[in-house]
Structure formats: C-alpha cells, structure tokens
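Read off the chains here:
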Amino acid sequence: MIRPWEIAALALGLAAAICGATLIGSGSLFLLCEILVIFLLAQMWNLLAGFAGQISLGHQAFVGLGAYTLFLAANETALPLWLVLALVPVAVGLVAIPLGLVMFHLKHAYFAVGMWVVAEILMQLAAKADWLGGTSGLVLRPGGNMLAGEPERVVFAIAAFCAVALMVGLRVFLRTRLGLATLALRENEAAAASAGIDVRGLHLMHFALTAAGTALAGALYYITALYISPNDAFQINWLIAMMFVTVVGGIGTLTGPALGTIILIGAREAMTAWGFTGGQYWIVMGLLAVVVLLLAPRGLWPAIAARRGATQHATTEETEA
Amino acid sequence: MIAGLIETLFQGITLGGLYGMIGVGLALNFGILRVVNLAQGELITIGAFLAVGLVALAPGLSFAAVLVGAFAGCALIGAAMQAAAIERAMAFRDPMVPMLVTFGLAVILRNLLVETMGADLRGLDVGGLGQARIDIAGLSLGVLPLVTLAIALAAFGGLAALIYRTAFGRQVRALSDRPDIAALMGVRVRRVHTLVAALSAGLAAIAGVLLAMRASVSPFSGVAHLLVAFEVVVLGGLGSIRGALGAGMLLGLTQVVSSRFDGNAGLLYVHLVFFAVLVFRAMTGRLS
Numbered sequence: 001m002i003r004p005w006e007i008a009a010l011a012l013g014l015a016a017a018i019c020g021a022t023l024i025g026s027g028s029l030f031l032l033c034e035i036l037v038i039f040l041l042a043q044m045w046n047l048l049a050g051f052a053g054q055i056s057l058g059h060q061a062f063v064g065l066g067a068y069t070l071f072l073a074a075n076e077t078a079l080p081l082w083l084v085l086a087l088v089p090v091a092v093g094l095v096a097i098p099l100g101l102v103m104f105h106l107k108h109a110y111f112a113v114g115m116w117v118v119a120e121i122l123m124q125l126a127a128k129a130d131w132l133g134g135t136s137g138l139v140l141r142p143g144g145n146m147l148a149g150e151p152e153r154v155v156f157a158i159a160a161f162c163a164v165a166l167m168v169g170l171r172v173f174l175r176t177r178l179g180l181a182t183l184a185l186r187e188n189e190a191a192a193a194s195a196g197i198d199v200r201g202l203h204l205m206h207f208a209l210t211a212a213g214t215a216l217a218g219a220l221y222y223i224t225a226l227y228i229s230p231n232d233a234f235q236i237n238w239l240i241a242m243m244f245v246t247v248v249g250g251i252g253t254l255t256g257p258a259l260g261t262i263i264l265i266g267a268r269e270a271m272t273a274w275g276f277t278g279g280q281y282w283i284v285m286g287l288l289a290v291v292v293l294l295l296a297p298r299g300l301w302p303a304i305a306a307r308r309g310a311t312q313h314a315t316t317e318e319t320e321a
Numbered sequence: 322m323i324a325g326l327i328e329t330l331f332q333g334i335t336l337g338g339l340y341g342m343i344g345v346g347l348a349l350n351f352g353i354l355r356v357v358n359l360a361q362g363e364l365i366t367i368g369a370f371l372a373v374g375l376v377a378l379a380p381g382l383s384f385a386a387v388l389v390g391a392f393a394g395c396a397l398i399g400a401a402m403q404a405a406a407i408e409r410a411m412a413f414r415d416p417m418v419p420m421l422v423t424f425g426l427a428v429i430l431r432n433l434l435v436e437t438m439g440a441d442l443r444g445l446d447v448g449g450l451g452q453a454r455i456d457i458a459g460l461s462l463g464v465l466p467l468v469t470l471a472i473a474l475a476a477f478g479g480l481a482a483l484i485y486r487t488a489f490g491r492q493v494r495a496l497s498d499r500p501d502i503a504a505l506m507g508v509r510v511r512r513v514h515t516l517v518a519a520l521s522a523g524l525a526a527i528a529g530v531l532l533a534m535r536a537s538v539s540p541f542s543g544v545a546h547l548l549v550a551f552e553v554v555v556l557g558g559l560g561s562i563r564g565a566l567g568a569g570m571l572l573g574l575t576q577v578v579s580s581r582f583d584g585n586a587g588l589l590y591v592h593l594v595f596f597a598v599l600v601f602r603a604m605t606g607r608l609s
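Sequences listed follow chains H and E, in order. Under our numbering, the first residue of the first sequence carries the number 1, and numbering increases by one thereafter. Under our numbering, the first residue of the second sequence carries the number 322, and numbering increases by one thereafter.
Source of the hints: derived by calculation from the structure; they are not laboratory data. Among the hints, a few may not be true.
Unchecked claim - Taking CB as the label site, the calculated pair distances span:
#1 E:G479 x H:V90: 32 to 38 Å
#2 E:A597 x H:A78: 36 to 42 Å
#3 H:T135 x E:F582: 49 to 55 Å
#4 E:V389 x H:L178: 54 to 60 Å
#5 E:V389 x H:E76: 57 to 63 Å
#6 H:T176 x E:G444: 33 to 39 Å
#7 E:F582 x H:G134: 15 to 21 Å
#8 H:L72 x E:D415: 52 to 58 Å
#9 H:K107 x E:R511: 49 to 55 Å
#10 E:R511 x H:P4: 52 to 58 Å
#11 H:D130 x E:D498: 52 to 58 Å
#12 H:A78 x E:A536: 56 to 62 Å
#13 H:K107 x E:A504: 37 to 43 Å
Said to hold, decoys possible - Interface residues of chain E toward chain H, partial, derived using beta-carbon atoms under 8 Å:
#14 V435
#15 V447
#16 L593
Backbone N, C-alpha and C fix where the C-beta goes; we use that ideal spot for every residue, glycine too.
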C-alpha cells in the first residue's frame, strides 16, 4: 500500500501549498495556478490516452462542463464556493458515466472524433442557452456577490496539493490490482483482455475519473479568471495544451506531463520576455513536438529515463517513472 | 412552396458538394496512407489564402489559373510534409505517432499563416458572380453555388478516374490493400506515399478556394474545417471517396434545412445529426 515516503511527500506538498499560498506574490500566483492547472489537465489526458489507450480529442468538454457547473451552482445557490468546487468533479464524473457508455460504442479514431463533436455540441448549446448567459457568458458571483479577497491564493493551495496528491495517488494506484490491470492495458489491450481484465469497465472508470479531474482543473482555472464564456471554456486550445504537454513530456509515464508542462510554460515565458510573438512561440512548440516524436516517439521523459536507468532496473524505471 | 423546397434542396446539395470536397482529401489520406492527418484543416485554409494571394498579386489571372496555382502550392506543402516528417513517423508501429506528428505540423502551419498573413478574415472577390442567377426550367438558381458544385463533382470524378482507371491508381490501391506485397511487386512505396499526400493536399486547396468564394476564412478557421472533414470521412466510412460525397450531401442538407428553423446555431445540427448517425451505426454494429 502507501509507502512512508509517499505519506511524507503528501505532507510536504500540503505544507508547500499552504506556505506558497500565503507567501508568494499575487502576480506569480496566477502564473503558478495556470502551470498547475495545465499539469492537472495533461495528467488526466495522459491517464486516458497513455494508460487506458483512448485518445480523446474532446476533453475540453469537461473543462467547460466543470467551469460552467461551478459558476452556475455558486451563483444560483447559497452554498460556499469551495464546497461547490468540491462537488464539481463528483457531478461531472457522474455525467461522464452515461456519456462513456454511449461513446464506448465508438472505437479508436471514431471515439476521438466523436468526443470532439461532443465538445463542439456542448459549446454551441452553451452559446444558445440564455440561462448560461449565451455567447457573452457568466461572471462569477457566489450567492449574488462579487468574490471578495484573493481567490488565487486558495486556488493555488488546492491546485498545488492536488498536483502532489495526484502524483502520489497514481503511484499508489498503479501498485494495486486495478493499477496493474491498467498497466497491462497500456502494454497490450488484447492480451490484457485475454488475461481476464474487464477492459470496458476499466475504460469507463478511467473515462469518468479523468472527466472529473479535468472538470476540477477547469473549475479551478475559471475561479481565477472570474469570467467564463462558451468560446473560451470549450476551446480546442485546452486540448492542444493537454496533447502537447503529454506528447513532448512522455505519454504513458507519470513524470512526462510534469516535464512537458515546464517546457510549455517555461518556453512561453522565456520567448515572451525575449520579445517573440505568440505565433512564433507556437511555431517553435510545433517544431519541438515533431522533432521529439520523430526521435523519441514515446516522449522526452521515457528517453531520458531509459538512458539514465540503462545500467540498472530499466524496466521498473519505465513502468513506474 | 415547391419552388422553396427545391431551392432548399439545391442549396443543400451545393453545400454538400463543398463539404464533400473538405472531407475527400482526408479520406484519401486515411484510406491509402492510414494516417489521420490533423493538418488537413490548415491545408484547406492555406489553399484559400494562396488563392487570395494570387488574385492580389496578379488581378488579371483567370479563375482556372488561380485554382491550379492553389492546388500546386498546397500539393508541394503536402508532399514536403510527407517526405520530411510523416513518412518517418509511419515507420513506428504505433499509428498514434504519425497522427501526433500531423498535430505538430498543424500547429506550425497555422501559426506560420498568422505570422505571415495576420489574423484578418479574407475572402475571394467573385465580382457579380455572387449575385448572378440563371433560370433553368422556371427555377432561378445561383450561379456561384452551381459553379461550386460543378468543381466539386469534377474533382470527385477526376479523383475516382485517377484511382480506378490509371496505372498510378492501381499502384495506390495495391499499396492500400497489401503494402508489403505491393512493395515486392516493385511499387515505389515512398514515392507513391508522397504523391498521395500531395494529391490530398491539393484537394484540400480546391476546397479552400471554394470556401473563400463563398465566405471569408481566417488563419484560425483550419480547426473548424478539420472537424467538418472528420465528420464527412467518418460518416462516409473511413477512407471511402464515394462515401465522402454522400456524407457531405447529408451534412450539407442538414445545415441548410436546420438554418431555416434556427438561423443562429452554427453547425450545431450538423454535429447532432453526425453524432446520432454515428452512435446509431455503432450500436447496431454497422461500423467497421
């Protein structure tokens, strides 16, 4: 089960999250919140694509669903904002189960495109819904009042602890029976099925869990933004960030998305500081993705880990990395 | 009443021809190379911008020359992408790798377009053609949609003739069915792959020119085109050229009919019809 140092990591993460939230300046906190949200989103996409083997081109649907659920529930009820935030992943995770049952009739490319169409449908429905503010969207007013104080401090603390807890939780999970089944699924779906693993059930579990996590990350992001619109919340750029971070960092590894997030945001901050435009930044990122894929198709982290662990336990490095 | 119905049908069919064109390049690429090309939407946009640029540089150019120029330009880009990156990615056994490479290429192409062209909307000025109408058997039909449909049908016909009637087409089909045996029989695999990628990109350019005549395009519209292309390809049966035309027609008719009832829904009903058909086919086991 959970190992002592993993409990220590959790405690350390909690302490760091609280210290950071109280000590770091507000401007840096916004950037850190964005980094953490992108990491959480990418790790969710990675869990589904890299471990469960299901490429979804529509996970931005859950970003939007999570954020809209939060705004609506916070604005229309008297529930405290942070309680609503805790309920968002539960609600979206539950919605994802029937959606998954329908979507799993589709395989591979059909599933990927089908998910994208689901996200587009939700975007257009949100744009048409007057009770969601239509195309102009919603402003976050919990219980009818503007949000007081500095919500980014709480958002940072939650996101930072979630990021640490997710890494520890996934490590622990991959050692359990279900986790081992997931790894088997990653290596070879047909072989896993013939070994008695309930592939469909496992797919559904990962689909619902990643939907819930994606919704939570989306809700966290839009608390710092205070404002939401359909074109923003359901935009494909969420998916592009998730895919880029996972693909460059290392698909099917736990550390890869962390590395990818650092590269994505680090390069953006550096290139902006040097005076490059957003377009030039994305050209460089696109080139990086192509080059990494051609030289190390599983991403940077597996390539680094394989080199580092070549002399010792290379296999455990790769499965647990 | 009847005239209105026929007018709606006509609009749906012409839009359907355009949707079919948007999808056919993707269908060809997937059917032959087994690569899901996420850069197809960008190639469509680039085709439109090439046409706009050609008209701006040489105002006297005939429409046919513009179409050929856009086709050739995009075909070169498609061939270069295939030869430089996608072909190498296809060597990995995992089909996800080439798809993700095209995802990176799409990001590059889109932002190159933004950097060189700016983020403005552009359209092709078709002069009086946009309003021109002709009367056929008592019906007044728009000339521009007719021209669009004619070009789309000609492109589909030409593609079918190329694939099913020529020696090159035979090589392409052989390569699609049994790549290893085709290679043994002396088909030059890489060359055929590059030519198919060029052809597919050229078809995207034609779709882009037709789009730019009908409405304006921006460097960011590639993603929307890619989604329509996907819907056409998936509904038509992955990789089927004839299926792409039929699926385009279905989606085009859906769009025109639904906009009669609900004018500001974008492609909502197209997406809903696509989704419903897809899930229905999957549930009844009629999805390969």
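* Against the structure, test the hints numbered earlier, and report the numbers of the ones violated in rising order. => 1, 3, 6, 8, 9, 12, 13 and 15
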